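Undergrad: Each chain, letter by letter, is given below.
Protein chains: 2
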Amino acid sequence: MPREITAFSNPLVKQVRGLRDKKNRRSEGLFVAEGLRILTEALEAGFLPRILFFAKGTGHQLLSRLIEETEAGGGDVVETNADILHKLSGKDNPQTVLGVYEAFDTSLQRIDRSRAPLWIVAHSLRDPGNLGTILRTGDAVGAGGLILVDDCVDPFSVEAVRASMGALFTQSIATARWEDFLAWLRSGEGELIGTSLKGQQDYQQPAYGRPAFILIGNESQGLPEACEAECDVLVRIPMLGKADSLNAAVAAALMAYEVRNQWRRASAAS
Amino acid sequence: MPREITAFSNPLVKQVRGLRDKKNRRSEGLFVAEGLRILTEALEAGFLPRILFFAKGTGHQLLSRLIEETEAGGGDVVETNADILHKLSGKDNPQTVLGVYEAFDTSLQRIDRSRAPLWIVAHSLRDPGNLGTILRTGDAVGAGGLILVDDCVDPFSVEAVRASMGALFTQSIATARWEDFLAWLRSGEGELIGTSLKGQQDYQQPAYGRPAFILIGNESQGLPEACEAECDVLVRIPMLGKADSLNAAVAAALMAYEVRNQWRRASAAS
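Chains as they are written, first to last, in my numbering: chain A, 964 to 1233; chain B, 964 to 1233.
Just chain A, with the same shape it has in the complex:
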């Protein structure tokens, strides 16, 4: 049976609110996801919340199922109100359902590259919205996951989870230093594809091999030269305007869809 919490001073409310800080997420190994849609996505991917909060009076078949499965899985189910949910999520119009999940193991060794022909790699990505959007795009193109290299933002931040629209639970996520990523990459098959202003080829020109690893650079600096130098293919996305770069999540999507579209055409032709 759900228990009820309506006091701001409740220690659980304080603890969960604290998960908006990266430090607390790290020390407790927990993170927050919001919304019936994302939590149901998580459930279908096999992830149960350790704690499930929901607003009193929320009636929905999906919520009933979430409550049932969370309780069956030994999780804590808490009935609360919109004010507390606002406090927990930091949003003005909070979702009526919020889950606290155990953070995943993000070691590179857990990535099985044979599981998918396409992977996205981000170098020093700083914006959580971009990170979440890239996960969402990864899901859409059937990527295996996202490898976060060097100084990237935390994939378990509220904003990243929100922007991923649930793809955080369906995409594999790894974090690694560049040297370690490179050693791992070269220990198996894979083509490293970088986008850069210095790319000699248009992004529609090369025939991309599998598995393809699409490498996306930092929002303001792009890719470091040392990373560009390691790319098997370095391409540029044409730009006709005044600006010299695209949003990182947009560049990732254009590259990922280009690779997928090529493969679609090839399989349609054969």
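Just so you know, the hints here were simulated from the structure itself, not pulled from any lab data. Treat the hints loosely; a few may be bogus.
Quick list of in silico lysine-lysine cross-link-like pairs, DSBU-like style, CA-CA up to 30 Å [stated by the list, open to error]:
#1 K1054(B) <-> K1050(A)
#2 K1019(A) <-> K985(A)
#3 K986(A) <-> K986(B)
#4 K1054(B) <-> K986(B)
#5 K1050(B) <-> K1054(A)
Just so we're clear, the structure is a prediction, and the values are computed from it rather than from any experiment.
Based on these hints, arrange chain B on the given structure of chain A.
TA: Positioned in the frame of chain A, the structure of chain B alone reads:
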């Protein structure tokens, strides 16, 4: 000569800080843009700030030029410090330069469709980051501008201007009700291209005509049926994962690049 302001209580500081509210932007007809790069972009597009703030000790050739041109244009130049800039921008690491600009006239009648073969139209777009990112992509694909239909977020919000990376100054922007947009659209040439789950054709299938108007829907609802019904072409972007939609700015970029890539191939072949 620049004057110096270092007091939080200064009325100008209060006024400019107030521009973070849409109501104040509307009533004063002003908005804020930050950063040397974006302000230089604005200058090159012919826009001078009415007020230019810069942090004492910022030495840069581009800043000297901005100061000179702002003063020559009759604008107010204010030397200040990082604390005041933080207060004005609301960012933890504020840019060292901030400009206050007059809002543009966004009436539909000011849009000259013959100026560009490609335009982006957004219906009830709610996220300022998405709006800015779409402007930035519009610049990259040589779009004429962005038409904001019905209940869209304010293009002059700090977040939208920031995400546009200066494209706010190079793209035309109009706001309109759907009925008025439709009447305007049908008063001249143009193909309205919608993306939808209900699209019968893959987005790479149709041959897109000029001028192309790419219609993007709301982040959570997509396009209303009435809008879909008016589209000349309704296409879907293929998705292989669990999710049934892409981020709105990603969808806009995929469509815009697809149209541009088709035209590139056609002109290379002819």
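Undergrad: The structure should be examined with respect to each hint, and the outcome stated for every one.
TA: Verification of the hints:
1. Using a Cα cut-off of 30 Å, the hinted pair K1054(B) and K1050(A) holds, with the two alpha carbons roughly 22 Å apart.
2. About 29 Å separates the Cα atoms of K1019(A) and K985(A), which keeps this hinted pair within 30 Å; it holds.
3. A distance of roughly 37 Å separates the Cα atoms of K986(A) and K986(B); the hinted pair therefore is violated under the 30 Å criterion.
4. Pair hint K1054(B) plus K986(B) holds up; C-alpha atoms about 20 Å apart against a cutoff of 30 Å.
5. Under the criterion of a C-alpha separation no larger than 30 Å, the hint pairing K1050(B) with K1054(A) is consistent with the structure, at around 22 Å.
Violated hint for the displayed structure: number 3, the only one.
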